[in-house]
Amino acid sequence: MSTQLSRRSVIALGLAGVAAGVLAGCADPADTSAFSGKAKGAMKELGVNEQFTAAAPLTFSILFQDNPAYPQKAGWTIWKDITDKTKVTLKPNVVPYADYQAKRSLLINSGNAPTIIAKTYPGEEAQFVGGGAILAASDYTKYMPNFTDKVKKWGLDADLATVRQADGKYYIFPGLHESLFLDYTLAARTDILEADGIDAPGTWDEFRTVLKKLKQKHPEVDYPFSDRFMGASTLNLAAVTYGTMAGPNWGIGNGLAFDQKAKKFSFTPASTQFKELLQYFHSLVDEGLMDPESFTQTDDQAQAKFATGKSLFINTNAQMISLYRQAMDQTLGAGKYTVAKIPVPSGPLGKVVGGSRLENGIMISSSAAKDPSFEALLQFVDWMWYSDDAQKFLKWGEEGTTYTEKNGKFTLKPGYSLKAFGIDPAGATKDIRLDMGFSCGNFMYGGTTEIVDSTMDAEELAWQKVMATYKQLPPAPGVPYTQTQRQQATLQQTALIDTANTATLNFILGKQNFSEWNGYLSSLKQKGMQTYVDNANRYYDQVQKKLS
Amino acid sequence: MVINSELTSVGSAEVEETLAGQPVQPRARASRSSGATVGRSRGERVFGVVNVAVLLLAVAVTLFPFLTVIAQSLSSEKYIDMGAVSIWPRGWNIDTYKVVMADPMFWTNYRNTVVYTAVATAISMFLSTIFAYAISKKELRGRGFFIGLAVFTMFFSGGLIPNYVLVNGLHMTNTIWAVVIPNAISVFNVLIMKSFFENMPSELEEAAAIDGLSVYGTLWRIVLPLSKAVLATMFLFYAVANWNSWFQAFIYLDRSDMFPVTIYLRNLIAGASSAQTSGANAASDLTGISANIKAVTMVLTVLPILCVYPFIQRYFVSGVMLGSVKG
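Respectively, the protein sequence lines represent chains A and B. Note that the numbering used here has the first sequence beginning at 1481, numbered continuously upward. Note that the numbering used here has the second sequence beginning at 37, numbered continuously upward.
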């Protein structure tokens, strides 16, 4: 008798469970009654590029990364300016730049995270998805007109696909770029190239020829090319043009290249393109053109070699090149040298660049969804991080007070400087970044090309113009792992990527011969490469089916 | 230790030479008056010379990196980039010092470090001493349990997140107590103190008890004055550990005006080398940070400890001797 009773109650419970599930599924997340009771301070209607002003004063806490290049000061006016414009007071929870990720993890995992978690790079949010501590951004972007407008205008669906998780949603509000932001390339001693009558290289093969000529003409230079970042940035630049991925902790990522036509992943460090890339760099090292220490020396050592004229090419970005110039003014003397960024050399795929147009953005704590001012929060975030007006404001300050804009050209008003971007007119008393808090990295990355370019000097703009003629390859989508799948994949990925990185070094430096390539491939197979790739393809297909 | 040559054959007519090369008369064996080395054999002298040479080499090897760091902090970028700085500064440059010390936040944080170190060391010394004294008494009931409890915490801890939740729950975050209380007792130090107290002759305490001193009186008036060596050692251990600590402050404090100077300096170095560690995602908004920033921060952090140490050093010297003599 007792077993019959329990079976009946089990069935009853099961039916109740199913009923609850069906009813829950019936709830429509798209209707705005989702904000009933949570609309405190929200504006009734907010359109694209309209100024957000809260209907009642609100306060939101924000996790704020304190960069030592522009330390957060009590005297910063930006907080008050934001409050004046929007009636929202942001309370910053200041975390030092060093170990920012550690503290962020700690706060989120212990349930104490602020409402807005700034300075989150795409991919960093994945570790918090399983715990449910952060909001599923894609559920709420439909209430954010600026965001959706930009995604549509700039065709960012493929880029957003790089951050979709196993449930098809994405959990970060990323920064958006209208055009791909390129920064890294090679810096060259253009004065020496000019003196020797050598043109800047257009392809990687030409680069090798240029290095050969320089080596002949300058026997006092040990190696014409001595790299920094342990060679990873240059490997990454070249890898894209060879159709593969490389660069330890830089471009190699998860090693999964995506064939856009076949919609399939493959493990690119096992490909022939990867082998050709390594063969190219091996030839540079073999012929004494590239310093073998490039892959192991510290950045300071590499920079010292370049600054003292012991090497003639080095990897750089826009900020670093001014640091090189500062150092070289001391070591070689101002006016006795010129150094400039060259356009990224092209490879077998021609003039291509890769990457995603997503930028660091914010996460929102899932507890915010229960807050009475939730709707206002979404509107505020939409305005602050995705409207053109806000981005100009956050980058340049108050129009008419700190800057003026004419035909897309931004000029600071007299008395203001922005030393970080080289704008330092005589008589400037206030730096809009150091003293006022504008142009800082928690708010201002991304935006229209015009806004992104607004802080670039003429030299950088010219380089960006040349690079804009390169073909932009679409980014590989992220593999939508669940928590457990990700753990398993990470184990395999670590082993495979470590093998690939070690092999990169060994083959380039000649410690292993290319005749041993098959041995390398079988070691990858032994470490579970096939399972890793098959899993990635299977999970991707599953989520694609679900979304369609 | 060089054993005096009283042990060489008595009545030897051998004329021994002093280090100055002058012959001396063999002295009466009983007198050790002036302490001059008398009658060292050739082997002992050679050993003496080699010994001194090896020790000087060890000093040089230990001192060299220290001097290099100081020299680098005072040198100009040009020479550092060329790798031309060894133990003397080249191209005298105190600009980095000026830049770092001109920042008011640096001084605020420095003051915080001094306050945290003083308070934390005081609390740690107090708690560790009374704990160690209590468990050093063999007649304490449950002594084994307390020792076991302490040792258990040396190997197992709650973990980062539970600790954070605990401290947060006690409303200690963003206060000085989050920095000074959680790590107040270092079990390692307690065990050292416990052994020291155990080795103290019990007759002293019995005599004190007969004279009418309570437990606290015995501790304060008899035991502690005799423990100056171990107390000084523990003081230095705690003071240096607290001075250097940054992690506690980093996780429990949210306001930059409460950070100790170690976080400030760590942040400064991280910002200067961010491109190395964060790869392609590096926030490329660096202003020019000098090549010798690391050296400058090291010198600034270590300087006060260096100034304090010579005054405590005599306790270590006497302390070594005290511990070695029994009875």
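Derived by calculation from the structure, the hints in this document are not laboratory data. Note that the structure is predicted; figures quoted are calculated from it, not measured. A hint or two may mislead.
No farther apart than 30 Å at their CA atoms in a straight line, the calculated lysine-lysine pairs in the DSS-like style are these [claimed, not checked]:
1. K330/B x K1553/A
2. K330/B x K1899/A
3. K1910/A x K1649/A
4. K1790/A x K330/B
5. K134/B x K1899/A
6. K1741/A x K1524/A
7. K173/B x K1910/A
8. K134/B x K1910/A
Task: Hint check against the structure, violated hint numbers in rising order - done: 3, 6 and 7
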